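Engineer: Here is what each chain is made of, one letter per residue.
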Amino acid sequence: MTNKPKKVDIIFSPYSVAPYKILKDTMKRTKEEIIAELISSGLRGRGGAGFPTGMKWKFAAEQKSSVKYVICNADEGEPGTFKDRKLLVEVPRKVISGMAICAWVTGATEGFIYLRREYKYLVNELQKEIDLFKVHSKEVGLNFNLQIFLGAGAYVCGEETALLESMEGKRGEPRNKPPYPIQDGFLGKPTVVNNVETFASASMVCRIGATEYKKFGTADQRGSKLFSISGDSPKEGVFELELGMSVEAFAAEFGDGDTKAVQVGGVAGFCVPRKDFAKAIIGDGNTTGGSTMIFNSSRSMYKVLHNYLDFYAEESCGQCTPCRIGCQQLLKGIEAVKKGEKPAEYLDQLLKLSESMRLTSKCGLGQSVTNSFSSIVTNFREEMIY
Amino acid sequence: MADTKELITTLAKKHGVERKSLLPILQGIVEKENFLSKDSMLEVAKVLDISAAEVYGTASFFSFLDTKERGQYVVRVCKSMTCDMKGKEEILATIESVLKIKIGETTQDKKFSLLETNCLGLCDEGPAMLINDDYFVKLTPEKIREIFGRYIRNEI
Ligand code: SF4
Numbered sequence: 271m272t273n274k275p276k277k278v279d280i281i282f283s284p285y286s287v288a289p290y291k292i293l294k295d296t297m298k299r300t301k302e303e304i305i306a307e308l309i310s311s312g313l314r315g316r317g318g319a320g321f322p323t324g325m326k327w328k329f330a331a332e333q334k335s336s337v338k339y340v341i342c343n344a345d346e347g348e349p350g351t352f353k354d355r356k357l358l359v360e361v362p363r364k365v366i367s368g369m370a371i372c373a374w375v376t377g378a379t380e381g382f383i384y385l386r387r388e389y390k391y392l393v394n395e396l397q398k399e400i401d402l403f404k405v406h407s408k409e410v411g412l413n414f415n416l417q418i419f420l421g422a423g424a425y426v427c428g429e430e431t432a433l434l435e436s437m438e439g440k441r442g443e444p445r446n447k448p449p450y451p452i453q454d455g456f457l458g459k460p461t462v463v464n465n466v467e468t469f470a471s472a473s474m475v476c477r478i479g480a481t482e483y484k485k486f487g488t489a490d491q492r493g494s495k496l497f498s499i500s501g502d503s504p505k506e507g508v509f510e511l512e513l514g515m516s517v518e519a520f521a522a523e524f525g526d527g528d529t530k531a532v533q534v535g536g537v538a539g540f541c542v543p544r545k546d547f548a549k550a551i552i553g554d555g556n557t558t559g560g561s562t563m564i565f566n567s568s569r570s571m572y573k574v575l576h577n578y579l580d581f582y583a584e585e586s587c588g589q590c591t592p593c594r595i596g597c598q599q600l601l602k603g604i605e606a607v608k609k610g611e612k613p614a615e616y617l618d619q620l621l622k623l624s625e626s627m628r629l630t631s632k633c634g635l636g637q638s639v640t641n642s643f644s645s646i647v648t649n650f651r652e653e654m655i656y
Numbered sequence: 050m051a052d053t054k055e056l057i058t059t060l061a062k063k064h065g066v067e068r069k070s071l072l073p074i075l076q077g078i079v080e081k082e083n084f085l086s087k088d089s090m091l092e093v094a095k096v097l098d099i100s101a102a103e104v105y106g107t108a109s110f111f112s113f114l115d116t117k118e119r120g121q122y123v124v125r126v127c128k129s130m131t132c133d134m135k136g137k138e139e140i141l142a143t144i145e146s147v148l149k150i151k152i153g154e155t156t157q158d159k160k161f162s163l164l165e166t167n168c169l170g171l172c173d174e175g176p177a178m179l180i181n182d183d184y185f186v187k188l189t190p191e192k193i194r195e196i197f198g199r200y201i202r203n204e205i
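In the order they appear, the protein sequences are chains V and Z.
Using our numbering, you'd call the opening residue of the first sequence number 271 and step up by one each time.
Using our numbering, you'd call the opening residue of the second sequence number 50 and step up by one each time.
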């Protein structure tokens, strides 16, 4: 039984109100009310890690500091994802409103949109929107100085502490956590870092209310979620869907009728093979960055994995050995098996290596390599060898 | 070099001389000079009062802060999986034959450099590329010839 994925129309819903009305309306309520509303909505961070947004804002509000920052993480580098670009182009006001509301409830006065370098062509339009925001924020008496910070091209800077390092003029190497940015962030000050979609979703919670918002999604993942869909699909693009659908339903709706595998959650996520489509639920235990790549029967999964590993080997920041060396060894390893220089059993050793990378790497990059690696190697073992 | 010095002084005035100004300053240099020369990095180190190794270490970390000489137009072709599936190889081969250079090289007249890059976030419209800051999607060999024709004839 394949149910159709449920389309939702919250984030992209058009509604004709004056600019920054959500912000103005929200500021008529108390800060405590807003935080409580966000916590009750069940909204989790939309960048992939999934930390409850209301709690993050609450902790930030509790920090005693005269300087606090709000940063919108628009360093969308996960292969297969482009939803943040669409948000910044189509509904920038919802994103900026979310940031402004966050600034208001946490007491932050400085804000940045950390825009990935690859999206530099968005700067002019985005700046116009920020200028408009400045006019409206003055009207409501919000003191929040928002600017764009342009990244310089590094996938790992999507990791919040690496992002902060790069803003401080250093190599984008992830920091040890704790302390978390909420205590010790940009230039040592309390900093809220949220994904573009998280800010847009937060402003939607403020607009429609927690009760309405949490009608969507699963017990674990409330609300709508944007999916970037690419690959062997006649419907590539960004879709707002409800979490909790099976991969089977997803493939039936978005595949080309011959879907062999679906990569859920980008290269850092899992590759689901056809035989598991019915039992795999998107948003339930799966990572939720929203990138979904669809592969049909004509694709070589060896090529897919090789492409992923090549990406990882290039984007590892090099700070810790398991990740730096591990990525390269996995790449060389599958090449050696393919060429017959190593026996098929060597794949099992590589699986162990990828598992140790998960256990010993410092940040999400090195820790997540094993997700795609093990799911592809285990499910498409034949293709790795012959 | 005099020009570079002047440029760095202007950038330092605009962005400040704290460590956090490093990225915007380096980006400003790349925008004008297409890459970070040894001289420019040494000068930045002096102006920000940090070691040259720190400047190079940071610059070399980021893919858009080129420390190798580049042409006036840097072409970055996306090599992520979905662009690859949609024919990236053919696109690259066409660019190589139009510009008569290989990946990583710069044309003799220093007009174009050709590079590959990781995900450009244009996966639903692949194959995709950037030429400096402008993006081009759904590329075909015909489109490539047309686009580069316009650049070569200075129509862009
Ligand atoms: S896991 Fe990889 S990317 Fe993360 S800190 Fe270690 S080397 Fe850097």
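Think of the hints as simulated: they come from the structure by calculation, not from any bench.
Any given hint could be a false lead.
[Claimed, not checked] Chain V side only, calculated, beta carbon under 8 Å to chain Z, not exhaustive:
no.: 1; residue: Arg355
no.: 2; residue: Ala422
no.: 3; residue: Gly423
no.: 4; residue: Ala424
no.: 5; residue: Arg441
no.: 6; residue: Arg445
no.: 7; residue: Glu506
no.: 8; residue: Gly507
no.: 9; residue: Met563
no.: 10; residue: Glu584
no.: 11; residue: Glu585
no.: 12; residue: Phe650
From a predicted model like this one, the values you see are computed outputs, not experimental measurements.
Backbone N, C-alpha and C fix where the C-beta goes; we use that ideal spot for every residue, glycine too.
Engineer: Could you tell me which of the numbered hints above are not met by this structure, giving the numbers in increasing order?
Structural biologist: 6 and 12
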